[in-house]
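Engineer: Chains as they are written, first to last, in our numbering: chain A, 11 to 377; chain B, 112 to 484; chain C, 17 to 181.
Don't read these hints as lab results, they were simulated from the structure.
Do not rely on the hints blindly, as some may be mistaken.
What the hints assert, rightly or not - Partner residues aside, some chain C positions facing chain A, computed with beta carbon under 8 angstroms:
hint	residue
1	I26
2	V42
3	R58
4	T78
5	L172
6	V174
Stated by the list, open to error - Computed beta-carbon distance windows for the label pairs:
hint	chain 1	residue 1	chain 2	residue 2	range
7	B	L152	A	G23	32 to 38 angstroms
8	B	A462	A	I223	50 to 56 angstroms
9	A	I249	C	A151	44 to 50 angstroms
10	A	K298	C	T43	44 to 50 angstroms
11	A	L61	B	I199	38 to 44 angstroms
12	C	G73	A	R277	49 to 55 angstroms
13	C	R39	A	R277	19 to 25 angstroms
14	A	V19	B	I207	27 to 33 angstroms
To be verified - Under the rule of at most 30 angstroms between Cα atoms (straight-line distance), these lysine-lysine pairs were calculated in the DSS-like manner:
hint	chain 1	residue 1	chain 2	residue 2
15	A	K212	B	K428
16	A	K212	C	K24
17	C	K165	A	K284
18	A	K95	A	K238
Where a beta carbon is used, it is the ideal one built from N, C-alpha and C, also for glycine.
For reference, the chains in residue letters:
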Amino acid sequence: MALKTEPFVLNIGPVHPSTHGVFRMRATLDGEVIVDIEPVFGYLHRGIEKLAEERTYTGVIPLTDRLDYLASMSNNLAYVLAVEKLAKIKVPERAEYLRVIMAELQRIASHLIAVGAFLNDCGAFFTPFLYMFREREKIVDLFEMVCGQRLLYNYMRIGGFNQDIPEEFLPALDKFVRQMPGFIDEYDRLLAENEILLARAKGVGILPKEMAIDICASGPVLRASGVKWDIRKVDPYSIYDHFEFDIPIGSVGDCYDRYRVRIEEMRQSLRIIKQAMEQIPPGEIRAKVPHLVRPPIGEAYAHIEAPKGELGFYLVSDNSIAPYRCHIRAPSLINLTALREMMIGWKVQDAIIIFGSIDITMGEVDR
Amino acid sequence: MAIANFGLNTLEHLATLPPDWPGGFWWHWLVFTVIIIAFVLALVMGFIWIERRGMARMQARLGPNRAGPFGLLQPVADAIKVLLKEDIIPARGDKIVHWLAPVVVFVPALMIFAVVPFQNGALLADLNIGILYVVAISSVATLGVFMAGWGSNNKYSLLGAMRNVAAVVSYEVPLVLSIVGVVMIAGSLSMNQIVLAQNIPFILLQPLGFLIFFIGGCAEINRSPFDLFEADSEIVAGFHTEYSGMKFAMFYLAEYAEALAISAIITTLFLGGWRGPLLAPWLWFVIKTIAVFFVMIWTRTTLPRIRIDQLMALAWKFLFPLALINLFITAIEVLAWPEALPWTMILVNIAIMAVLVLLWSKFFKLGWGRVAV
Amino acid sequence: MQFERYGKGIAKGLRVTITHLLRHPVTVQYPEQRLNTSRRIRGNELIWDNIKCTGCGTCAKTCPQGAIEIITSVNLEENKYTVEEIEVDTGYCIQCGLCVEACPYAALFMGYAYERAQYRRDDVVQTNEGLLPSAERRPSGYMYPEIAKELPRQTLLVERITEEK
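Make the full structure from the sequences, and use the hints.
Structural biologist: Encoded structure:
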């Protein structure tokens, strides 16, 4: 005789040790199995798009830092590319190479946190998290050397950068690039073949290929489902077509694949940085741009491959010193669309892991 | 009942202490109660310190080192802080159950030490059903955990408590079966006799039993990788979410006291208890207990957590059949070759363990996967 | 799931963890040991040079937060503005550095210090003389390479863990 059970609603609340930021999920549970889930967000809405209409084009750059606060350089890059497209500004070559170096370093740093937090949710008590933070500390030191801040950089400007890199940057970057592959191998030795991790993450939270394309997912989430789509290869921005790198893709689309795709992307980013370091030319660091930029009337959309996915900025200008409208296509928000389908049928513990493996930052989701 | 004489010759470590040392029944009881309480509290503080510093060094950081020299007074500072906190009771929880739960969890952990030998004959009570008493008492703590989950009026606590009850009840079975293997070789249920019979530590004679007992023991006391009953990243704090102040301190101490108890039992059953060459016997006991606890810290630092249905599958489909087979093989060895040379037996047992673990792992499928809703 | 690797993955992980026990930890015992911050740190309080400043107000117009307030009066004999009052609310400041970049006369600097916390919110507002450089408030090299050359070199984790005392 089947036992009569009654589903109950559990609120995995905004304040929780393990939702990455303030994200609320109202889960209807039957025992331990999730029957329905309703995500609620908006707890971190700060009105960035509206605030952008009141600041000058250069003054919006500190605002864009605070979107995905764990990958500030990428946000800056996307915005600056949009303004340059609108105002038809050509960036000098040294600045382009430096942009690539900064963006790839930022990708490594962001993936370190993503993987560390995912493994922390799986239960490995902070050990991989702390090891990855040790490497992220090295990257953040390099960023501090160029622009003075450790988290919200505000380094890119319209037309290039505001200061050139100091002389000790490239030797220090060289040391880092030599040490890092050894550390990535150490992470693999620690947990990549761990039977418990395989039991927890393999086959869990599968996002099938068709659904991933249907919901416009992007970034590692899309690539882990088997779709070979990376904006750096498909629609190259800046000078990514000068470099040679591979795109790791997964096969199944479960949590384990997303974890492996991120680790492999870190290795490919190191490759790009090495090539950029060898090829970087001397020269100007910023194009001749007035202090208050006034683009002609029009609109532009620029997208980049941010660590979390496709980050896009849509700008409308009416020939004044502030944007008329700025809309941000946040990758984390769009990747969350399939959350319900991925989570139904799994248990509460799996729900936390699935959520961690999509890797979102609430600053982007809520803006 | 013949004690299977796998030993080469029996050594006598000191004379066996008489059961009413130092003089009379009540003095014996008083001295040993004081010794046990002091030992447990001191060593629990020591364990907390070892865990925090050891785990920190394995994670490339320093542990607490400001309170006292080398941070040795950190557990004391934690205890004082926790004593000074406000005691919050949920308004609609069951008040008596909520209040009694920490007591029911902590007391059995202390009671286990009544039959653990610190030296030859130095126990509170040399029961001749020693290890059976231990098994019985350690099950009472589960009741306390469920009382905590129920009395808190909180769905997270209830989830954690239910998981705990299901898991502990399942893991008792392989645990007890592996103990029976040891008992068969030693020939007695009394803990003192088991230690006296270990001319060769039973970890060599019963490797599979040791493995099963270690895994089952970690699951019973909810240590990583089985700490899903109070998994910080999932159900906030499980059954002790709603506890603060001294009651939370009771749960915290009870967790480490149970870890101490399981380490002490492993030392007694498998590592030879207080036996050892040069140092005092009780010092060997402490050293071996700390070594076992260090292995527990090591696994906690490295391994991720198992899911609840995988936990149950591990107990019933992996450990339980292996424990049965272990029991069967030990019984055959004890009956058929009681005078066999010990070193052959060791090699045979280790070979059997390797073969069984490999074979079972190959055919074992763990957990359910996605449930159709 | 099958234990297809027979516990080998678990054993490798355990070996990595135990080797870390023998390595030097990477933590720094602040405040006894300190690290040198970057020479271009966008540190806490702004520093003002009242000789070079002309009261043009470009910094106040560029600040995205509106944290700088300047009141000037006209000096007709010498044909310039005198700055009556300049007030920076460090509580509003987001340390973006746009004001330092915008100043046409190089009269504004970011601070080098980072231990400038106060107890009350009113104490973090600086006015007039409170904005001048002093022993605790040194200017940082953000946008000023000649100041950056004088400051000590940054401690990098790729090179060492702490500064040798």
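Engineer: Take a quick look at whether K212 (chain A) and K24 (chain C) sit within 30 angstroms of each other, Cα to Cα.
Structural biologist: holds, 17 angstroms
Engineer: Is it true that G73 (chain C) and R277 (chain A) lie within 49 to 55 angstroms of each other by Cβ?
Structural biologist: Once the Cβ atoms are compared, 50 angstroms apart, the range 49 to 55 angstroms for R277 (chain A) and G73 (chain C) holds.
Engineer: Holds or violated: the hint that V174 (chain C) contacts chain A, with Cβ atoms closer than 8 angstroms.
Structural biologist: Interface hint status for V174 (chain C): holds (5 angstroms vs cutoff 8 angstroms).
Engineer: I want to verify a distance hint. Is the separation of the beta carbons of K298 (chain A) and T43 (chain C) within 44 to 50 angstroms?
Structural biologist: Given range 44 to 50 angstroms: holds, Cβ gap about 47 angstroms.
Engineer: Quickly compare the C-alpha distance for K95 (chain A) and K238 (chain A) to 30 angstroms and report which way the hint goes.
Structural biologist: holds, 27 angstroms
Engineer: Can V42 (chain C) be said to touch chain A, with a Cβ gap under 8 angstroms?
Structural biologist: holds, 6 angstroms
Engineer: Evaluate the given range 27 to 33 angstroms for the C-beta pair formed by V19 (chain A) and I207 (chain B).
Structural biologist: This hint holds: roughly 28 angstroms between Cβ atoms.
Engineer: Does K428 (chain B) sit within 30 angstroms of K212 (chain A), going by the straight-line distance between their CA atoms?
Structural biologist: Between K212 (chain A) and K428 (chain B) the Cα gap is close to 20 angstroms, so the pair holds against 30 angstroms.
Engineer: Would the stated hint for L172 (chain C) survive a check requiring a Cβ distance to chain A of less than 8 angstroms?
Structural biologist: Where the cut-off is 8 angstroms and the nearest Cβ of chain A is about 5 angstroms from L172 (chain C), the hint holds.
Engineer: Could you tell me whether the CB distance from L61 (chain A) to I199 (chain B) stays inside 38 to 44 angstroms?
Structural biologist: holds, 40 angstroms
Engineer: Against the 30 angstroms threshold, does the CA-CA distance of K165 (chain C) and K284 (chain A) hold or violate the hint?
Structural biologist: Holds - the C-alpha atoms of K284 (chain A) and K165 (chain C) are around 28 angstroms apart, at most 30 angstroms.
Engineer: For the hint 44 to 50 angstroms, verify it against the beta carbon of I249 (chain A) and that of A151 (chain C).
Structural biologist: The hint (44 to 50 angstroms, Cβ to Cβ) holds, given that I249 (chain A) and A151 (chain C) are roughly 47 angstroms apart.
Hint compliance for this structure: every hint is met.
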